[in-house]
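As they're listed, the protein sequences go chains A and B.
Just add 1221 to the spot in the first sequence (first one is 1) and you have the numbering used here.
Just add 1 to the spot in the second sequence (first one is 1) and you have the numbering used here.
Among the clues, some could well be false.
[What the hints assert, rightly or not] Under 7 Å between C-beta atoms, here's a sample of chain B residues computed to sit facing chain A:
#, residue
1, R217
2, V218
3, I219
4, S220
5, L221
6, A234
7, A237
8, A238
9, D379
10, E427
11, G430
[To be verified] Where chain B lies over chain A, by a calculated footprint (3+ residues, C-beta under 8 Å):
#, stretch
12, 1306-1319
13, 1369-1383
14, 1590-1596
Hints are computed from structural coordinates only; laboratory data are not their basis.
Keep in mind that this is a model prediction, so the values were computed, not measured.
We treat Cβ as the ideally placed atom computed from N, Cα and C, and that holds for glycine.
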Amino acid sequence: MANPAEHRRRLGLIVNPLAGIGGRVGLKGSDGTTIVARALALGAVPSAEQRAAQTLAALCDLADAVVLGTYPAEMGARTARACGFEPALLGSIVSGRTTADDTRRAASDLHRWGAELLLFAGGDGTARDVAAATGMALPVIGIPAGVKIHSSVFAVTPRRAAEVVRGFVAGRSRLEEREVLDVDEDLFRSGVVAPRLFGCLPVPCVHDLVQRAKAGSRSDPSTTRGVALGVLEEMERDPEALYILGPGSTVKAVGDQLGLETTLLGVDLVQGGRLLGRDLSEAQLLEAIDRHRARIVVTAIGGQGHVFGRGNQQLSPRLIRQVGRDNILVIATLDKLHALEGPLRVDTGDPDCDQLLEGYVRVITGPRDQVVWRVVA
Amino acid sequence: MVKTFEPGVEAERMTRYGEIDTGYRAPRWHETTLYEQSRPGTVNQILPSIEPELAAETTGIVDTLPAAARRAVPPALPEVSEPEILRHYIRCSQMTFGYDSGSNVGVGTCTMKYSPRLNEEIARLPKLRDLHPLEPEAALQGVLELMYGLRNWLRELAGMDEVTFQPRGGGHGAYTDALMIRAHHRARNQNHRDEMITCAVSHPCNPAAAAAAGFRVISLYPDPVTGEIGIEALRAAISPRTAGIMVTAPYDTGVFDSKIAEYARLVHDAGGVVSLDQANFNGVMTRMRAGDLGADMVHFNLHKTFSTPHGSYGPGACAVAVKEGFVPFLPVPLLRFDGESYHLDHDLPLSIGKVGTFLGMVPNVVKAYAYVLAMGQDGLRAASEWAVINNNYLIRKLLEVRGLAISYPNRRKLQEARFTLRKLFEDTGVTTTDFNYRLADFGVATYFESHVPRIIDEPVTPEPTEGQSKRDLDRFIAAFHQISAEAYREPEIVKTAPHRCIVRREVHDYRSLTEVPFTWRVWRRMHGDGQPG
């Protein structure tokens, strides 16, 4: 039965119609009008709408229970109507010639309209545009439709995205900060993968606590705060060491727990509960740990599980060697590890260093809680 | 006679939800609680008036009680007649789906064996039933002899030296293990050993017991191909702080880790203790002994492998068996035999103390004794073989179900296996929970999905045991085929199931366990005075 209109939940939808267009034709991305033109010339067929439709089709029973707000034509309206939704239309576009700017405007408009959750179909570039527009103000879930999916704001498949929406609407979700990463496409095309961390977006994570537990699950360790408490335990065991805190929201939670103003995107240095340096470069870090025992705290960044070589290039092979493999504390929520459906990865750019890091490592997942996970280059 | 299902034919008949014939329809009574049925003035027995002599003796007797123990007002008991009470409980039992009302192929990791009625009768023999645990040892010799007899047999099956029946369930047994491991290290001044290794396909009580006993928990994950944890991963977990390893064998996935003996050696070399959880011993009973693999301790669940009833969270019973070196740490009292009589030894200075009251769950020990005595060694071996054969028949047939696959497909499974409905979910949006609710419409027990952490998506974990006939298995398999066909053709049927049960879908929309209403009173407070569902 339809709820009265004023009680209907507001969801936003953005389809980046050009997302993923460069993938099939080997262009390794779709950012920028020149590349899009080349991709189309090579015969690329846009598929982002189709991906978004897979998500919406799985949600068609909610058509009366929610209001879907979106941008016109190929940026969402067409897909929404095809899946049985009567969307509220915002903004305007030049159909066939959408740009990154349209994504940013759409995200801002939908936020102002009162969307509680934004679904967006795209890739890392789209996620970056959304993050630039609404940041931590609007919960999002990405429908994977791009060439590059380094960010951890995407559901594994469009169908999974629908389940996340369902959980969110039913109030069965908890927001987690997830990283937005993007590579420089020009470098990427010439073989250099150098993704940077561009920020974080709040993503609902769905838990069926009651259904999942046979006789009660372990005290929920799957929170970044729990992970941070686990790191603090390690710090208590070894209070003299210098702690190099890598980027990412999970590591940021360690700083928060210590009451320190650590950075989200940079690498910071901490000792004995004091912040010794913020946003340090490789050279500054090397100087700081010279003749002093140090430990590195890193998390798997993004959707592919990279511990080194994605968004944390300051943690160079030289620094890693100097600190030593045994002094690296890898941290992650269990949710994130499970979502990887595979090993953790390293890609430091130095094959010898990668080899040093390969094998099995302990990962701190909560207070008094660790798991052993495989690392591959 | 139960009708079997032809999936193709059945699929053709699917038109409206109301017209689907699953061969089952739960009896449904609009049964209110006895309190709601209460009518003031209704009495059961009209008692004769008290004789004057007795009245004279008892007048004022209530006044001898302390004021605090006396009721100011009579208890608010429901006023209903005896036939109404009887009818109420009969109806409640009719609306209950239990082990004895339909086949139970599905509830994996629980080893839902049939509990022979003879064993129930034996445990209820007056001489056993009327015993009191505070009677002197001399008066308890008979029951102690039974307990010692089962102790001897389990010792043999485990390859261990001593057994205790004190824990009341598997988790309690694992906790007893964890406490003994702690006591062992304390006795050797190894208090720094605070890390317990376990794995994600062990029973969750393994890490939980370790954590409750104060250990840090290091969990290993199975290799996606072999299903085993592997030597290399274990080496990464072992450290000078290692207290021990607590793992389940075979794993929750039905895979028996071929390297257990090697793990035991590595952990021993590092100064740790090896505890195996064989709550699900059924698939390997008489074929392997934990002691021979190098384990220091192992536990069996009598309410699983040894056929005593699970009892719906009622009395379980666990046997913990240990090697000689761990006997001093066992909980008290420890049952001893000096060649003539049995006695309860409370004098174990290094003991972890009491983990339960009196002798343990004695009726279950008696039932398990009767079970082993009736089966004999050959019978136990045959039971184990049939459990594995039944499971492998089930696996072969279930793998023909569209949308269903099995974890670790290259590995032979023992008494159970973990399947995945991921393909079905990706194709149709039907989850394993939807599927399971629909299964309830077929008059068979629903299946166990998975323990946490859920490393297999959309999991399904049945365990047929040796007690299910081929007809039972085929009915379960046919139901799977039909539900899969429904999911692909009319997923709404499955997503809105059950349709033929007493209750509709339970909605667990709780954000955390702290919001779960564990009592009726709390439920009313949370939901107002309306009826559930």
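Notebook entry, point to check: Okay, the stretch 1369-1383 of chain A and chain B, do three or more residues pass the C-beta test at under 8 Å?
Noted result: Three-residue rule met by the stretch 1369-1383 of chain A, so holds; n is 3.
Discussion item. Using the nearest Cβ pair, does B/S220 come within less than 7 Å of chain A?
Written reply: 4 Å, holds
Would the stated hint for B/A238 survive a check requiring a Cβ distance to chain A of less than 7 Å?
-> 5 Å, holds
| Going by Cβ atoms only, is B/V218 closer than 7 Å to chain A? | 6 Å, holds
- Confirm or reject the coverage of the stretch 1590-1596 of chain A by chain B under the rule of 3 or more residues with a beta carbon closer than 8 Å to the chain's beta carbons. holds (count 6)
Point to revise | Hint validity - B/D379 Cβ closer than 7 Å to any chain A Cβ | key: Interface hint status for B/D379: violated (34 Å vs cutoff 7 Å).
key: Interface restraint verdict for B/R217 against chain A (beta-carbon cut-off 7 Å)   = 4 Å, holds
Checklist line | chain A contact restraint for B/L221 - C-beta distance below 7 Å | finding: 5 Å, holds
Worksheet item: Would the hint on B/E427 stand, with a C-beta cut-off of 7 Å toward chain A?
Response: B/E427 check passes; min Cβ-Cβ to chain A is 6 Å, inside 7 Å.
Holds or violated: is the Cβ of B/G430 closer than 7 Å to a Cβ in chain A?
5 Å, holds
Restraint: B/A237 near chain A, CB-CB cut 7 Å. Satisfied or not? Interface hint status for B/A237: holds (4 Å vs cutoff 7 Å).
A closest beta-carbon separation below 7 Å is what the hint needs, so does B/I219 meet it against chain A? 5 Å, holds
Consistency with the previously given hints fails for numbers 9, 12, ordered from lowest to highest.
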